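Protein chains in written order, with this note's numbering: chain A, 1 to 159; chain B, 1001 to 1451; chain C, 2001 to 2276.
No lab work stands behind these hints: they were computed from the structure.
No experiment lies behind these values; they were computed from the predicted model shown.
Note that beta-carbon positions come from the ideal geometry of N, C-alpha and C, so glycine has one too.
Among these hints, one or two may not hold up.
Partial chain A-side listing against chain C, Cβ under 7 Å, derived [claimed, not checked]: (1) L22; (2) R43; (3) T51; (4) G56; (5) M59; (6) E84; (7) E125.
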Amino acid sequence: MPSKVVSFKLNGREVEVMVKPLMTLQTLLREQLNLTATKAGCRQGGCGSCTVLVNGEPMMSCLLPVEDVEGQEVTTLEGITPAEGLNPLQEAFFEKYAIQCGYCTPGMIMVATALLAHNPNPTREQVIEAISGNFCRCTGYAPIIEAIQAAAQRTNGRK
Amino acid sequence: MTIPEETLNVVGQSVPRRDGLGHVKGQTVYVDDINIPGTLHLKMVRSPVHHGKIKHIDFSEAEKVPGFVRALTYKDVPKNIYTILCLIGVGPDEEPVLAEDRVLWKGEQIAAILAETEEAAMEAVSKVKLDIEELPAVFDVEEALKPGAPILKPWGTNYFIYDYEYGQQNAFRKVRFGDVEKAFEQADYIVEGRYDSSPIEHAPTETTACLVKPEPDGRYTVYTNTQALFFTLDNAALILQIPFNKLHFVGGTVGGGFGGKVDVITEPIAILGSMKTGRPVKYRYTREEEMHVSSTRSAWRIYMKDGVMKDGRIIARKVTSYADSGAYNRHTPYAVTKHAANVAGPYAIPNVWIDAYCVYTNHQPCSAMRGFGVTMASYAIEVQMDRIAETIGMDPWEIRFINAYRNGDIKPHQKVVEDATLIEVMKAAAEMVGHQLPDRLLAMNSWDRGK
Amino acid sequence: MATKAYFLPTSLNEAVSLLAEHGPSLLVMAGGTLAMPLINEGVSMPELVMGLRRAGLNYIKRSDGVLSIGATTTLTQMLNDSNVPFLQEAAHHVGAWAIRNMGTVGGNLFAPPPSGDFAVALLALDAKVKLASKKGTRTLPLTEFYTGFLTNALQPGELVAELEVPLPKGKTAYIKYGRRQHNTPAIVTVAAHLVMDGKKVKDARIALNAVGPHPIRAWNAEKALIGAALDAEAIRAASDAAAEECQPFTDSIASDWYRRKMVGVKVGHALAQIAG
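Using the sequences and the accompanying hints, generate a full structural model.
Next up, the structure:
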């Protein structure tokens, strides 16, 4: 079977890509489109470093064939980084030292983005549950949880 | 002389991380983020058995896989046997880059397959036929040292030989201080303990990886997430028998190391692959490999026997420790040396005997991890201290205050104690948790025994 | 090998036709949370793959006290839209947010032990599985779908199309005991559904996960409760029976010894919860 052409919206722009059968969204982003903010920690859906948003919902891009996102809206960290400066979540992560090696950071920020879009004022428990699919081996999670709550406060619980 | 606080611009301040912006924007470049057109993927054929003799390897089916480029065996490696600590005088060399006639652990690398795509490489690996005669394996450190255990090292033992360069042949790292047996006879109590720990995998979120690019001027650029750039460069050059300046290592961005990315494992074979094909080569561990292949913290077994007086003084400590190095050295001989220097603890004990073994078994090889050699020693020491306190009926804070070494004390390995702070730290800790220490202990300090 | 073809049928008819055409060389997946890790790792190298995300099999219909759930309904959909607290609780305990957005109700039937923490709740509700093929459909109880360790009653050409789940008539309790609170494999999961007749137990379903080759019913524990008052003695008897009849295994999460012990404890907790 030859490669297929798939069209979808990526970070707000319509894109058309050619993919081999079963190529994952993770591989497409990282190897074909050079959008490497989405990471590859395990390729098993276990670490969350590959998290992207599909129609605003977090999904593991390492488990998602590109053809499955035909016509859908995909958002990566590149898509929510402003041209200048940082968005509130990025700012909070940076200031609260919610980053050490940085490898889990993109996944964490994507999940946190979806969380705050659904729930602008999450409790600490809700933050913990939201990020339970994202593994961090460096920070011990506490600064990440604080950063997400701080970002929520900064946007005053508004979307 | 104290430095006035007003002149301090960095000390005592919270300084933003230099790499912080890159991290939160997803712009930090990790090895696997680098894509070079024409890159070949390297996948390893690994031993399916714990211990075996390699009789034959058949690549014929693997070669037929579309995208297969070539296989590398030990015959392709200029200096196949090495040991990473050779750079600090540790020897002899004992680990193969690619297995020759034997495999010593399940997962050991036997042959490298280079292919146009990762899928092709994985398929080719699955089609390599291995003829291995399985041999008896040993997994317990004490069993490995008993007569009759399968011998793993070419020099005929299952232990690292210390001090061979000084003409001695010690089966262990040896510390002798005073006379423990005489002290045991004088002691009011004998307290014994056995402490075992399991191997621990670092499990960094980013797996071990390197990407080698051949340059037009004959050098090789190696993008790697090793924690030890120069160390790895030197070892790679020695293995490949090329001048050091042929290699240009680019790194320092590590997605979690913790000691798990200090072994020279992916780079030499990936560079060799690039040399043999003229193409860039990427070798990245899968999560399975990171768990089952990459080095772990070693398992330890520590036997402690202490002679203790009624007044709480520990007058003798005899320690026999075994580190399970797994199949190869890596950093463990060094871990055991550190262990021997620290397993008496931060305590002034006048009679100490330590035998610390670096033992080989058919386990996954172990190496560095966060305080390796000393971390498990701390665990054993402190549980032992609590055991002693319980045995003689003394408060566990008090037993530590009494025995803490002071400046000027001699440690068992003949170093003089300087800048001791255990007592001050314990006082601060007690205050933090709201524990009121008796005045007698509060009066103590690290620079003299007072009273 | 690299997969040669990936099919995304847009109807159940198309899906079963592809299955009939390609037979066992076609790997069927829905959310991809079970199949893709194996493919990515090179453990599984299927020539042909069929994804069911677009086959129109994600729906939740309610009629006459029965929930008809399409096989590719995601666990997030169960959590948000099913309005059955027992099933919402179960869905909540599978994986994490992103996994629930991808993992499906049907897929959970194929999850190897100790996974299966959603299916165990279906067992406790006497769920039935509707299998579809080019020849038609057939329905069988979930208890008969599981035939052994990683084996099931699917015949060649069949796929799981729908789950028929009677709404609970009595009180339910769902307890998952893992090493962490979220996103954790089970040491043991208990799903209980009891129908009372006054103070006595009229009907009991106790399903256990992670203590067998697949989610299982604790038949003897259930028998011990029928006709009894739900008091401490009956709860003790049922818990002991469950601990004895389960078939725990040792893995990196827990030993068989510990799993068996915790069956006794957690069944007790679940029944106590129902007793109120």
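Here's how the hints hold up against the structure:
Using the Cβ-Cβ criterion of 7 Å, the hint placing A:L22 at the interface with chain C is satisfied: the shortest such distance is roughly 4 Å. With its C-beta approaching chain C no nearer than about 4 Å, A:R43 sits inside the 7 Å limit, and its interface hint holds. The beta carbon of A:T51 is positioned within 7 Å of a beta carbon in chain C (closest approach about 6 Å), and the interface hint is therefore held. Checking A:G56 against chain C by beta carbon gives a least distance of about 10 Å; that is not within 7 Å, so the hint is violated.
For A:M59, the interface hint holds, since its Cβ comes within 7 Å of a Cβ in chain C; the closest pair sits about 5 Å apart. Taking 7 Å as the C-beta contact cut-off toward chain C, the hint placing A:E84 at the interface is violated, the least distance being around 30 Å. With its C-beta approaching chain C no nearer than about 9 Å, A:E125 sits outside the 7 Å limit, and its interface hint is violated.
In this structure, the hints that do not hold are numbers 4, 6, 7, in rising order.
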